[in-house]
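Peer 1: Build out the structure end to end from the sequences listed, making use of the hints.
Residue numbers (this note's numbering), protein chains in the order written: chain U, 6 to 403; chain B, 37 to 104.
Any given hint could be a false lead.
Only pairs whose alpha carbons sit at most 35 angstroms apart, straight line, appear in this in silico DSBU-like list of lysine-lysine [what the hints assert, rightly or not]:
no.: 1; chain 1: B; residue 1: K86; chain 2: U; residue 2: K176
no.: 2; chain 1: U; residue 1: K339; chain 2: B; residue 2: K86
no.: 3; chain 1: U; residue 1: K203; chain 2: U; residue 2: K173
Coverage of chain U stretches by chain B, computed from C-beta distances (three or more under 8 angstroms per stretch; other residues unrestricted) [stated by the list, open to error]:
no.: 4; segment: 77 to 84
no.: 5; segment: 108 to 115
no.: 6; segment: 344 to 350
If you want the footprint, here are the derived chain B segments under chain U, 3+ residues with CB under 8 angstroms [unchecked claim]:
no.: 7; segment: 59 to 69
no.: 8; segment: 72 to 82
no.: 9; segment: 93 to 104
Simulated from the structure, these hints should not be mistaken for laboratory data.
Remember, it's a predicted structure, so these values are computed and weren't measured experimentally.
Ideal Cβ placement from N, Cα and C applies to all residues, glycine included.
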Amino acid sequence: MGESMSPRPPASDWSTDFDHLDPRWSENPYPIWDELRQSCPIAHTDRFMGAYFPSRYEDVRAIAYDTEHFSSRRIIVRETRPPLIPAPPITSDPPEHRPAKQVLLPAFTPEAIERHEPHARAICRELIGRIAGKSRCDAAVEYAQEIPVRVIAHMLGVPEQEGELFRKWIKEILEIGITDHEVLMRAQREMIAYFAEKIAARRAVPRDDLIGYLINASVDGRAFSDEHINGTLRLLLIAGIDTTWSAIGSCLWHLAQHADDRRRLAAEPDLMGPAVEEFLRAYAPVTMAREVVKETEIAGCAFKPGHMVLLSFPAANRDPAMFPDADQVIIDRKENRHAAFGLGIHRCIGSNLARMEIRVALSEWLARLPEFRLDPDARVTWSVGTVRGPRALPLLLG
Amino acid sequence: MKVLRVRVDRERCQGHARCFALAPELFELDQWGNGRERGDGAVPAPLEQKARLAQANCPELAITIIEE
Numbered sequence: 006m007g008e009s010m011s012p013r014p015p016a017s018d019w020s021t022d023f024d025h026l027d028p029r030w031s032e033n034p035y036p037i038w039d040e041l042r043q044s045c046p047i048a049h050t051d052r053f054m055g056a057y058f059p060s061r062y063e064d065v066r067a068i069a070y071d072t073e074h075f076s077s078r079r080i081i082v083r084e085t086r087p088p089l090i091p092a093p094p095i096t097s098d099p100p101e102h103r104p105a106k107q108v109l110l111p112a113f114t115p116e117a118i119e120r121h122e123p124h125a126r127a128i129c130r131e132l133i134g135r136i137a138g139k140s141r142c143d144a145a146v147e148y149a150q151e152i153p154v155r156v157i158a159h160m161l162g163v164p165e166q167e168g169e170l171f172r173k174w175i176k177e178i179l180e181i182g183i184t185d186h187e188v189l190m191r192a193q194r195e196m197i198a199y200f201a202e203k204i205a206a207r208r209a210v211p212r213d214d215l216i217g218y219l220i221n222a223s224v225d226g227r228a229f230s231d232e233h234i235n236g237t238l239r240l241l242l243i244a245g246i247d248t249t250w251s252a253i254g255s256c257l258w259h260l261a262q263h264a265d266d267r268r269r270l271a272a273e274p275d276l277m278g279p280a281v282e283e284f285l286r287a288y289a290p291v292t293m294a295r296e297v298v299k300e301t302e303i304a305g306c307a308f309k310p311g312h313m314v315l316l317s318f319p320a321a322n323r324d325p326a327m328f329p330d331a332d333q334v335i336i337d338r339k340e341n342r343h344a345a346f347g348l349g350i351h352r353c354i355g356s357n358l359a360r361m362e363i364r365v366a367l368s369e370w371l372a373r374l375p376e377f378r379l380d381p382d383a384r385v386t387w388s389v390g391t392v393r394g395p396r397a398l399p400l401l402l403g
Numbered sequence: 037m038k039v040l041r042v043r044v045d046r047e048r049c050q051g052h053a054r055c056f057a058l059a060p061e062l063f064e065l066d067q068w069g070n071g072r073e074r075g076d077g078a079v080p081a082p083l084e085q086k087a088r089l090a091q092a093n094c095p096e097l098a099i100t101i102i103e104e
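Peer 2: Right under this line is the structure:
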């Protein structure tokens, strides 16, 4: 799969030829974004059949709010334009967006999420139980990647042990599928078949989980089609896993290198709230996309229909015009209107779930494993493309 | 005597729930997780800092503080 990808010519100029798959971008995108903000705040590339990259908070916000010119029907910048595969509500525009989102919201309020906290905590403790006593571990593989997958699988009503299968789909759809159309389509077909079977099983034998809930749910007196439910379930599974896995990994990556923050956070549990927000700001994992559907102009830049926009909430969060000392991680930052969960109608529906998982994962980790640092003899690797987080995080413990 | 009131703009609010996390004494969430001020939004003097903190952390700029 990865082997079949042809080597990509490196980006020659970030403002006119950017490539978010370039290894330099995956490794450390922040200096690139700083440079763009000063020289060419809205970059463009002819790669990906044409795409823009706004680097400033205000432009990201303007595009996120403008659902008339910028459609969510495509939310990932890919080499080609594959057929539209709806996963409502993330791929929905108004007016279809509202009912598709509204049906899900009650299951994701802070109060609803609180009920899953004991389960998340038990998972963290079980994982730490396997790590504690060792002198080194891979915190991305042995810890971060296991937590969100099991929580969301439990919420949906699919087996928690199938994490490996879910992660395979995520890698195929969000990473390999950016350049490999066949892999993307195959993974989509596999997921659709998987959930079609689950939906049929739930119709036969009702169960109190999200699949069962969606089958019986309606908004304004209207139930949802199986195709719609299937899309929503695929969205919840994908979005519920590698996003928070990435966030937890990035938090631990930061804490492994900043003993002051690590010790302060372990000693002052009240700091966990603002610290999680600051990690979300500084290491926001999720970049979305929009497709330009109507010509418009923002900040003097003409947006042409048919081109994509890489909507980088992570870049917006590093804009010094919005955040003083934007490149500093200040774990007790007071004012923090970060956009890690998006802005406008597509605000991440799992934001309360993600916050709970990050908070629980960090507090459980710090309680049992307060001292850790990066293993100087091993390499941290980062995911590529739409979601950014460590995929290998080798740590020395104690 | 001045009275402070918080108000959540229901059109702007997207349910980030930051106000509720930072100042649950002043804000509540509806069944969809969208924010609104509690009661008439009046802010008791000791909670003024919390009101300002909630306002400063709303990503959608949905919170206003009115001085009467």
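Peer 1: Does the structure break any of the earlier hints, and which numbers would those be?
Peer 2: 1, 4, 8
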